[in-house]
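Asks: Residue-level listing of the chains:
Protein chains: 2
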Amino acid sequence: MGRWQPDARGRLAKAALELYAEHGYEQTTVAEIAKRAGLTERTFFRHYADKREVLFSGAADLEALIVRTVADAPRSAAPLDALAAGLDSVAEVFTDQREHARRRHAVITAHAELQERELIKLASMASALADTLRGRGVAEPTASLAAEAGVAVFKVAFERWIAPGEERPMQQLIRESLTELKAVASGA
Amino acid sequence: MGRWQPDARGRLAKAALELYAEHGYEQTTVAEIAKRAGLTERTFFRHYADKREVLFSGAADLEALIVRTVADAPRSAAPLDALAAGLDSVAEVFTDQREHARRRHAVITAHAELQERELIKLASMASALADTLRGRGVAEPTASLAAEAGVAVFKVAFERWIAPGEERPMQQLIRESLTELKAVASGA
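If you're matching them up, the sequences are chains A and B in order. Under my numbering, the first residue of the first sequence carries the number 1, and numbering increases by one thereafter. Under my numbering, the first residue of the second sequence carries the number 1001, and numbering increases by one thereafter.
Bear in mind the hints are in silico, worked out from the structure with no lab data behind them. Some clues are possibly wrong.
Claimed, not checked - As a list, the in silico SDA-like pairs of lysine to any residue whose alpha-carbon atoms are at most 20 Å apart: (1) A:Lys182 <-> B:Ala1077; (2) A:Lys182 <-> B:Thr1179; (3) A:Lys14 <-> A:Glu41; (4) B:Lys1121 <-> A:Ile120; (5) B:Lys1182 <-> A:Ala77; (6) B:Lys1121 <-> A:Lys14; (7) A:Lys182 <-> B:Ser1186; (8) B:Lys1121 <-> A:Ser127; (9) B:Lys1014 <-> B:Ala1077; (10) A:Lys182 <-> B:Arg1117; (11) B:Lys1051 <-> B:Arg1117.
All of these numbers come straight from a predicted model, not from anything done at the bench.
The following block holds chain A by itself, in its conformation from the complex (with noise of 0.2 Å):
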């Protein structure tokens, strides 16, 4: 058990989700997650410092990866056009990951503290963007908007891509909560 395994970290991340699911997220050890992964708990804590950071890890790594899209977006690209290109990177890293995103879902709705750890990553991503957008030239409060409106996107498209018995892609949901943004700032 102690040489290298492939993916150990993806190993341990579905291991947990799994035990959060069957058997609750407070009685779930590390201990039990290792074992469910077929890996020791010394690995375990070589991927994540606690059992909660296999829920929020990913977090950090989306968000560099929507700022670098937005970053490297065409210069002439309107604010929206280039959240719009982090948002669609975005969504092709999510594909294949619905279950999982589902089973991480469940786990965080039922419990206020992973729900604000959730608000918090969320309201991050936000900021990051301004900056971003800042960075490309955009003055405020444009900037500060259209990243609001930006994650505002995102986390609408993501709960209905996660919703019981939706099949769309992410894709789709965003580009459909995009054009959906739209209409509602220019009906009022």
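We have chain A already, so just place chain B on it with the hints.
Replies: Below, chain B without anything else, positioned relative to chain A:
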């Protein structure tokens, strides 16, 4: 001191914010807040559960006001127009509260735990507004997107309103942010 005090609640809030600014939030005790307000600790606890609640007790009133105003908007009003009416009603309440709001904001941004609470407050407002829009017959995902956009406008306008040196009334900043959101949404 045992007798009824006119606006004890407001005096306690003012005293608390002054002390948080002068000595720090952690260092301030309920006894000191009561003393500064010329009231007893017992009176403090009749109005607030603890010193944290002084910072957040207004949030529920604010949410109730905006929800009621959105619910009461003319049936013909588009979602964002109904939300704009709600935001206007909130702006009125904030008039003459700018210094208090600045002090409160300084305390909150200095404490991660208070920032989390503030994010929860905003998420709760978005959720309540989406409910209210659904109650007006607005379908999903329009209701959620409009509500999130409305909260984004509020958040950005509020941050501008309390910025150092800013003197324009909040109502004006809310209207400008709303116009800006429309421009962002139509520009992409």
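Asks: Work down the list of hints and note, for each, if the structure agrees.
Replies: Hint-by-hint comparison with the structure:
no.: 1; hint: A:Lys182 <-> B:Ala1077; in the structure: holds, 17 Å
no.: 2; hint: A:Lys182 <-> B:Thr1179; in the structure: holds, 13 Å
no.: 3; hint: A:Lys14 <-> A:Glu41; in the structure: holds, 15 Å
no.: 4; hint: B:Lys1121 <-> A:Ile120; in the structure: holds, 12 Å
no.: 5; hint: B:Lys1182 <-> A:Ala77; in the structure: holds, 17 Å
no.: 6; hint: B:Lys1121 <-> A:Lys14; in the structure: violated, 32 Å
no.: 7; hint: A:Lys182 <-> B:Ser1186; in the structure: holds, 6 Å
no.: 8; hint: B:Lys1121 <-> A:Ser127; in the structure: holds, 18 Å
no.: 9; hint: B:Lys1014 <-> B:Ala1077; in the structure: violated, 38 Å
no.: 10; hint: A:Lys182 <-> B:Arg1117; in the structure: violated, 30 Å
no.: 11; hint: B:Lys1051 <-> B:Arg1117; in the structure: holds, 14 Å
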